[in-house]
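Visitor: Please put together the full structure from these sequences, using the hints given.
These protein sequences, in sequence, are chains A and B.
Each step along the first sequence adds one to the number in the numbering used here, with nothing skipped, and position 59 is 59.
Each step along the second sequence adds one to the number in the numbering used here, with nothing skipped, and position 60 is 60.
Derived from the structure by calculation, the hints contain no laboratory data.
Every value quoted in this text rests on a predicted model; they were computed, and no experiment measured them.
Which bits of chain A does chain B cover? Going by a derived footprint, with three or more residues having C-beta under 8 Å, they are:
{"id": "1", "segment": "63 to 76"}
{"id": "2", "segment": "80 to 91"}
{"id": "3", "segment": "147 to 160"}
{"id": "4", "segment": "254 to 263"}
{"id": "5", "segment": "272 to 286"}
Going by beta-carbon spacing under 10 Å, a handful of chain B positions derived as facing chain A:
{"id": "6", "residue": "M100"}
{"id": "7", "residue": "D108"}
{"id": "8", "residue": "G205"}
{"id": "9", "residue": "Q258"}
{"id": "10", "residue": "W376"}
Note that beta-carbon positions come from the ideal geometry of N, C-alpha and C, so glycine has one too.
One letter stands for each residue in the lines below.
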Amino acid sequence: MAGETETETPYTRDRSESSGRLRGWLNDRSESIVLGYPLAMLALFFAVPLFLLIATSFYPKPSGEYYQVGFTLEHYRRLFTVPLYFRRLGFTVALSMATAFGCLAIGYPVAYTLARMDSRLRRRVYITTIVSTMWLTYIIRSYAWTVILSKNGVLNEFLLTIGAIDTALSLTPGIWALAIGMTYVFLPFAILTLYSSINNIDPELEEASKNLGADRFQTFRNVTVPLSKNGIYSAWMLVFILALGAYIVPRLLGKPAQWTLPVIIGNQSLNNLNVPFGAALSIAMMVVVIVILVAGYELLGLGSEEMAGAGGGTDG
Amino acid sequence: MPSTSSTDRAEKRARTTTPTRRRFLRSSVAAGTLAATGLAGCTSRIVGSDDQSPSESDPLKIGVYGGVFKEVLDGALVEPFTEDSGIPAQSEPQSIGDAMVKLKQAVDAGEAPVDVVVVAPDARIRGTDMGTWLNYSPDDISRLDAVIDDLVAKGDQGDIVGIGGFGWSLNLTTNTEVMDQPLTSWKDLWNDQYASQLAANRLPGDGFLLDIAAHTFDEFNGRDSLRTKEDIRAVMERVTEVNPQIGLWWAQEAEAQQPLREGNIGATQMYNDVSLVMKEKGAPVETRFPEEGGVLNFGSWTIVRTTNYPDAAKQFVDYAIRSDVQTQITEQLYSVPTIGESELNLSDDLYQKVYGPGPEAAIRPYNRLYLEKEQWLSEQWKQTVLS
Numbered sequence: 001m002a003g004e005t006e007t008e009t010p011y012t013r014d015r016s017e018s019s020g021r022l023r024g025w026l027n028d029r030s031e032s033i034v035l036g037y038p039l040a041m042l043a044l045f046f047a048v049p050l051f052l053l054i055a056t057s058f059y060p061k062p063s064g065e066y067y068q069v070g071f072t073l074e075h076y077r078r079l080f081t082v083p084l085y086f087r088r089l090g091f092t093v094a095l096s097m098a099t100a101f102g103c104l105a106i107g108y109p110v111a112y113t114l115a116r117m118d119s120r121l122r123r124r125v126y127i128t129t130i131v132s133t134m135w136l137t138y139i140i141r142s143y144a145w146t147v148i149l150s151k152n153g154v155l156n157e158f159l160l161t162i163g164a165i166d167t168a169l170s171l172t173p174g175i176w177a178l179a180i181g182m183t184y185v186f187l188p189f190a191i192l193t194l195y196s197s198i199n200n201i202d203p204e205l206e207e208a209s210k211n212l213g214a215d216r217f218q219t220f221r222n223v224t225v226p227l228s229k230n231g232i233y234s235a236w237m238l239v240f241i242l243a244l245g246a247y248i249v250p251r252l253l254g255k256p257a258q259w260t261l262p263v264i265i266g267n268q269s270l271n272n273l274n275v276p277f278g279a280a281l282s283i284a285m286m287v288v289v290i291v292i293l294v295a296g297y298e299l300l301g302l303g304s305e306e307m308a309g310a311g312g313g314t315d316g
Numbered sequence: 001m002p003s004t005s006s007t008d009r010a011e012k013r014a015r016t017t018t019p020t021r022r023r024f025l026r027s028s029v030a031a032g033t034l035a036a037t038g039l040a041g042c043t044s045r046i047v048g049s050d051d052q053s054p055s056e057s058d059p060l061k062i063g064v065y066g067g068v069f070k071e072v073l074d075g076a077l078v079e080p081f082t083e084d085s086g087i088p089a090q091s092e093p094q095s096i097g098d099a100m101v102k103l104k105q106a107v108d109a110g111e112a113p114v115d116v117v118v119v120a121p122d123a124r125i126r127g128t129d130m131g132t133w134l135n136y137s138p139d140d141i142s143r144l145d146a147v148i149d150d151l152v153a154k155g156d157q158g159d160i161v162g163i164g165g166f167g168w169s170l171n172l173t174t175n176t177e178v179m180d181q182p183l184t185s186w187k188d189l190w191n192d193q194y195a196s197q198l199a200a201n202r203l204p205g206d207g208f209l210l211d212i213a214a215h216t217f218d219e220f221n222g223r224d225s226l227r228t229k230e231d232i233r234a235v236m237e238r239v240t241e242v243n244p245q246i247g248l249w250w251a252q253e254a255e256a257q258q259p260l261r262e263g264n265i266g267a268t269q270m271y272n273d274v275s276l277v278m279k280e281k282g283a284p285v286e287t288r289f290p291e292e293g294g295v296l297n298f299g300s301w302t303i304v305r306t307t308n309y310p311d312a313a314k315q316f317v318d319y320a321i322r323s324d325v326q327t328q329i330t331e332q333l334y335s336v337p338t339i340g341e342s343e344l345n346l347s348d349d350l351y352q353k354v355y356g357p358g359p360e361a362a363i364r365p366y367n368r369l370y371l372e373k374e375q376w377l378s379e380q381w382k383q384t385v386l387s
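Guide: As structure tokens, then:
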């Protein structure tokens, strides 16, 4: 509008100065703010619950009653003196490691094939198929295996039909059913992690290896595998940690002697109302995970600059 | 050939055996689940509310287990109660698992997510020890005399803590297509000719194998053989001998129902009512009260201490032990009634089905044992029997 001029009044000047000060204050503290948010979330959703878990593990729990706020070392004494818990912890770790290795052995060739597949459409179809198995809950997938592996199940019917066995095998519940179920349930996690890693390796490096005279196996062993080492470790560790926490699969597919520590923790917390001892067992399991994680990084030199794949394919 | 109505009934009854039914009964006080998981405002009330009578918007809440079992109790108990008394009441299907933990937390917070709840003996005793239940005068229940004496749980002062609502018998159930003859004695669990063919409840306080062994074998003296740890160890040693025969250890009856129906196991410990429903549904199973007696246990109606409606809750409990209500529940669920036989109007056939040789012949488990020595027992059990 002609003739209309904007006049700076004391009020607008104050506002302008005020917002400028705010911007300055924000600029000065931008780093703290950016870091503060995740730190606050970490404290709220990790540190505080962890502190409560640790505190609860020291609360006394009189027999037949609920736990009370207080202090006792009784739960840790039991943990270290009753052989049952260490045996179960050992079994849980061994089963989880076996599951992780099983998933790697099956998952790596699948992931490699997917990563080197020419047709993007086919690759998407396969990946979607793999991911879709995770849409069903663990309970349904585990129960499906009890049906397949039961005496009257598909597997026994097949083996009887082809004459491989004379009488039906009782596979579930049992250690083989448990191993199959665990591998099946966690395999997609391994495949997806490995796929991402292998897919990031520059195919020209493999091509160069072949041009220099290496055969396919040598190329795979000396180029592909080393460059996907971080991915292999990530996949192994991911499956290992997930398997350590498995509750449903061991309960449905394993015999009581093959129950993992999470089943015992659930049993303590829900059946015996001994939440403090459940907390102590959880902390023991957490310590084991941390030790294995740190050992893996230290021994294998993972996550280092060197391993990041200088000058070429990286596996992220 | 069954008529359409009986087929429907069979279907309906079959669905009552939800996977978690018995397990829920054992710890059916999951009432606090919603309250303690942040939904408290939707379903629970805070003690101290001005309202002293249930209303349509805030009815008396009855904790029962879900599925069609809830439907049966609604039709036979909850809805007739509302019609007769004018007190709005509503059943609340309860979750399982962390039941006692959640209810304890809710009550401690002064909340009453349900007013009345049916619980198995161990949960009732545990709730009593934790102060979860309301204690009230025997004078508040007009039909108390009709209830079988030891099914009225009383506190130290003689006040009532819980009143038996209905019971169940743990029997032996056999797939008759797999086994030549139905199992008839608990000793069959120890018979090595059934290697890996049988199933049993893996929880000591649900399967009661200690009670069973103590009552079955001459070297033991029933409950008296379960008083000290040394004695219990001796009984437990005997129980370990069932292990080679057990191909499946289950915790919830549904885990055993399907394998039994399909013949993956030949026979199992199983609740009489569930087995009768399975048979009615067409499964090739026979349930037998073992020679030494089935293990008889009862669920009790308890009132949550923090209820705002103690009077209405007592009225409900009183109604639940009416003879016509007890008869109807027994007819529809094959459960064991908790009032004297003379008060009931059961056919001889139904009586035989639910009681077998009668309550006097049954093994009554030493429920308190499984609480007083729970931690020790749990560890010993896992290290010996289940190892």
